[in-house]
Amino acid sequence: MHIVDGALSNPVLLGGAALAVGGIAMGLKKLPLERIPAAGVLSASFFVASLIHVPIGPSSVHLILNGLAGLVLGWAAFPALFVGLLLQAVFFGFGGLTVLGVNAVNIAGPAVLAGLIFGRLVARGSPMQGAIWGGLGGGFAIAATTLAVAFSLALSGDEFIPAAKLVFVAHIPVIVIEALLSGAAIFLARRVKPELFAGSKGGWT
Amino acid sequence: MTYVLTGEDKPLTGFGALRAAVSSLDPRMRIVMTVIYAITVVALDDLRVLSGALILSMWLLAISGLPFQKTLKRMAMMDGFIIFTLILLPFTMPGTPMFSVFGFDATWEGLWRATEIALTANAVILAVMTLVGSMEPVTMGHALFALKTPERLVHLMMFTIRYIDVLREEYLRLRTSMKLRGFRPGTNWHTYRSYGYLVGMMLVRAIERSERILAAMKCRGFSGRIVLLEEFRLTRTDVMFAGAMVLALAALIWAEVAYAAA
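Chains as they are written, first to last, in numbering that gives the first Met the number 0: chain A, 0 to 204; chain B, 0 to 261.
Same shape as in the complex, but just chain A (with noise of 0.2 Å):
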């Protein structure tokens, strides 16, 4: 899900930069002091968790999560993400430098909608309708990311519409993946810490 550098368009790019700049600032808003060490370990732990991979087929897909991350942290997904996408470009070669507000954009955007949108319907009811719309979260963050990452493509260059449309034809069976995983996850959350989500009472948010 990654663009590199090199591939957008200027415009794209300041766009992007702009956007993500307005995301963090508002993720970190909503971020006290005293919820700062909450949100880094599950910043890290969502970090771990993009380096599982899922076995599909003969192939393995590899997690992104970020509707799980949204539904978790809220607005604080925003902030959250991008540092990870940040020590990935800088200590694995993941991504690009110029790209890194599109990228936060397009992943950590999705997040923050999921969360909006899901949040409170995922901390209501009982586990298994929290998990049901927990996976439907999950399943919607990733396809709207991957949207946008076609969108940034095809904003950039007319050459890049038939790439764009293939990757998101690829993603279907991830975007499925994802929302049955981001389902089971919350389940098993909701039965054991229902404080985990943003949406509940008394939750760490």
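Hints listed in this document are in silico derivations from the structure and should not be mistaken for laboratory results.
There could be a bad hint or two in this list.
What the hints assert, rightly or not - Computed cross-link-like contacts, BS3-like style, restricted to lysine-lysine with a CA-CA straight-line distance of at most 30 Å:
#1 B/K178 to A/K192
#2 B/K217 to A/K28
#3 A/K29 to A/K192
#4 A/K192 to B/K217
#5 A/K29 to B/K217
#6 B/K147 to A/K28
#7 B/K147 to A/K29
To be verified - The calculated label-pair distances, taken between Cβ atoms and stated as ranges, are:
#8 B/A42 to A/G56: 41 to 49 Å
#9 B/K147 to A/G156: 30 to 38 Å
#10 B/L246 to A/G156: 29 to 37 Å
As the list claims (entries may be wrong) - Which stretches of chain A does chain B cover? Using the computed rule of at least three CB atoms under 8 Å from a CB of chain B, they are:
#11 1-15
#12 35-43
#13 47-56
#14 65-78
#15 88-102
#16 157-163
#17 170-180
Just so we're clear, the structure is a prediction, and the values are computed from it rather than from any experiment.
Virtual Cβ for every residue (Gly too), placed ideally from N, Cα, C.
Following the hints, put chain B in place on chain A, whose structure we already have.
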């Protein structure tokens, strides 16, 4: 942190500390120069000039003292991710046909565009990995703070860096216990549910761990201030290095303009 991905042995000095020659340079200067370098290279279009930029990045890697092969291997991993988009480009960009596969024309324009992206991406990421990636992650945090990054963002980053390693070990422990109970991943509902529970359990443990961390920090009077352990100082070597980089970048821009005019 690098061993999280590569599975290498843990360095004794903590997180991915690589003993590199560039380590003696001021981290703030390295970050600023890397950003300037990335912006300049992304603005370049000419393939000859971009090749020059890649050579400059290689030279940075050579003087940095980082392990050559390992760094290049990591760069090649990124190429693996983008290769499909790049291969598609010659077929999707209109222009002079080069050859055709199953009735699809590959164009020269598309090939040049793909080469341009590959050169830019590699030149930038190589410079980022050598100049910034060679830092201790904690040093990077402090340097970013010294460069006026919001304090809370730096705190969030430091926490993330600190706990990636701890949580990865927790993840491996959970995986071991799954294995002991006879879990074999495959393409089925049971696998996806188990992985979901695994992620859920990691989150639950993470939030419980963060409660203990917060209690321990409160106990020690944490107030949200970042205490810098070392003072960054700009030495003559730093100024000379920055000057050389600026000259090299100016030469690249000059070449781009000269080629464009020709």
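Worksheet item: Okay, which hints does this one fail, numbers in order?
Response: none
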